[in-house]
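Visitor: The hints should help you fit chain D onto chain Z, whose structure is shown.
Chains Z and D supply the protein sequences, listed in that same order. Just so you know, the first sequence maps onto residues 1 to 172 in this note's numbering. Just so you know, the second sequence maps onto residues 1 to 486 in this note's numbering.
By construction, these hints were calculated from the structure, which means they are not laboratory data. A virtual CB, placed ideally from N, CA and C, is assigned to each residue, including glycine. Just to be clear, a hint being listed does not mean it is correct.
Stated by the list, open to error - Chain D side only, calculated, beta carbon under 7 Å to chain Z, not exhaustive:
(1) E10
(2) P28
(3) A31
(4) R34
(5) G35
(6) D222
(7) V256
(8) E323
(9) E335
(10) Q347
(11) D351
(12) G408
(13) V411
As the list claims (entries may be wrong) - Below, computed lysine to any residue pairings styled on SDA-like, alpha-carbon distance capped at 25 Å:
(14) Z/K107 - D/V338
(15) Z/K107 - D/A14
(16) Z/K49 - D/D468
(17) Z/K142 - Z/A70
(18) Z/K49 - D/T98
(19) Z/K107 - D/A341
(20) Z/K49 - D/D260
(21) Z/K49 - D/D222
(22) Z/K49 - D/G27
(23) Z/K142 - D/E100
Unchecked claim - Here are the simulated distance ranges between beta carbons:
(24) Z/N13 - D/G156: 32 to 40 Å
(25) Z/S138 - D/S326: 41 to 49 Å
(26) Z/V100 - D/S29: 29 to 37 Å
(27) Z/V100 - D/T392: 32 to 40 Å
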Amino acid sequence: MAADTTDFDEFYNATHRRVLHQMYAMTGNLADAQECTQEAYARAWQRWKTVSQASSPEAWIRTVAWRIAASRWRKAKNGVTALVKHGVPDHTPAPDPDHVALVTALKQIPESQRQAIVLHHLVGMSVDDIAAETGSPSGTIKARLSRGRAALAELLTDTGDTAGLQAGGEAS
Amino acid sequence: MTDRFDDDLERRLAGLSADLDGVSLDGPSAARRRGTRRSRHQVTGGVLAGVAAVAAGVLVLSPSELTTTPEPAPPASLSTMAPGPTTTALELSAALLTPEDVAGDSGTWATGDQPGPEVACDPAGNLDTMSSLQEHAETALTAGTTTIRQDLVRLGPGSEATGLRDDLLSCLPERGAAEGPATTDTLSFVGVGDEGWIVRYYADPADQQADAVTIAIVRSRDVVSVTVRVEPAADTAGGELDTATPEAAAARMCDVLFGDACVSDDAHTEELTVTDSTDGSSGPAAPPAAPTEEAPTGDPTTPAEELLQLADDPFLTEEDVAEIGSATGFVRQPEMDVDLAVAPCLQDPMDYGAITVPAHGYNHELDASLFEWVGLMPDAASAIRMVTAHTTLTDCGDPGEDREQTVGEPVAVDVEGADDAVVWTVESTPTADNPGSSSSFAGIGVARVGNIVVAVAFGSMDDPSGGDWPGVATGLLASAMERAVG
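One chain only, chain Z, in its complex shape (with noise of 0.2 Å):
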């Protein structure tokens, strides 16, 4: 029991940080993010056993903590658009002008579409691996990147923030 408590404080040390970023990219929301983040950590230790011996407890963390936010959402269903509505919450720490343009952004989009975006453009992982995480088709994955990178592309650009940058192609 000692063993697997130190095995999951290092995995929670090593890990949290990078999943917190990728969830608060995901929710637009820093209290959100903290809030599904945790809970998942929560239940990865109800069956840490199990999860210790997945081919990567980080990635369980992070679907488990991006189900927790979108079933909130569901249940709170205007939620996402009152957010959106009413921009950054209070409790979000002094936030720079171009943090603030991205997450209002990222917000604005489906959020199927962000989360492929954030699992491609910050977690870096490929296409195909996005497929295997959430279940969806390849070229699904592949419609929503496009499909998200050209609405970001549009509402940064609307706000002045891109300089002109254009979004398109294929992901890879």
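Guide: Same frame as chain Z, but now just chain D:
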């Protein structure tokens, strides 16, 4: 151009980490406490259930007597947990049934050394021949003369378990058949996984010591659980069907592999009606002359599903939309921007795996509009999921400040040429603080035939149907279906 955008996006996403400076989670000990506290609540519930069962004279084992979960291998080296590309999840074997999962059942359960008895029409015999098979794990539990065997298989994305079901049903004699095993139960699960069925048959109805076999197939996402319970017919006196085992199997499968729950509180069974069998008849397909101990052959993952294609022009014509209730004179407007936001509560077919979703807009001289989406789905199951998702309406959008939104109940309608269809309305009215605004009406409908989904969304200030949107939408969707299929 694209590389520059990607580089910039990646740089900015990475830069978000600066917002985390000074922000911390509660720490690993807090996570462990939260997890442990929840586990204790679950154990407490189990103990209370055990007390009640003992009072009723049922043998219940304490969890400590029932440990079969294999001891874990040493955890992967944490130093290798780089944030790079990752693949999936847990080994299937971790999600197999354990004696604890069936501990509420009578008897002393233990993991068996043998794979379990062979039975007629066993779906497990087909699993390793499935073309989409990616991973396979199995276990067997025994208690006295009863054996429960479970196979877990991971299939490719978008896979279905209907092939396994159809092979099972076609292998067994029909219910009431004079000869061969007697099939007594053919049911569908509701609220268990994404799809599931349970079948029971008696190998020799005249022999109380012959096998009674209960086979359940449950799929959640890309994983399928097949449980086979074999016991002497005499032990099934009373006739109660064992749905608890497949439900426990599904619960464990989803909990371990996906970290969520896929067995609802009101899970139950319904009489199975198979409408998509090859002969189109209802109920199990015609049986072979007599079942054999050999598993059926062939690849059950390739049922004869004919995929439909989109028409070259899959959209409603101007003639089709000449009259939408009292609104007339819609014309095609190829340049109109079509955004799902104009269709409250309508979900994106892309989220259900659509291959493509072309869309078209139409407008009307009196400031009414109509939008149409035509989704080519990879299979009928995806299309069914997309349509049935609208039987409970969610994500219906924000009506805006000083407005109230009324979302009508979704109504299933019978649309000519469609297998399933659901329609609903959403009305937005200004609050008393907003007297200068007008009300608005949106009527939406989604229908499916095979693997093709169509959706229409009408929007204007007034309801053109006079309160009968289902009636108006039925005709509109029928036309849309006719145009969509190539």
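Visitor: Which of the stated hints cannot be reconciled with the structure, identified by number in ascending sequence?
Guide: The structure breaks hints 8, 9, 10, 12, 13, 16, 23; every other hint is satisfied.
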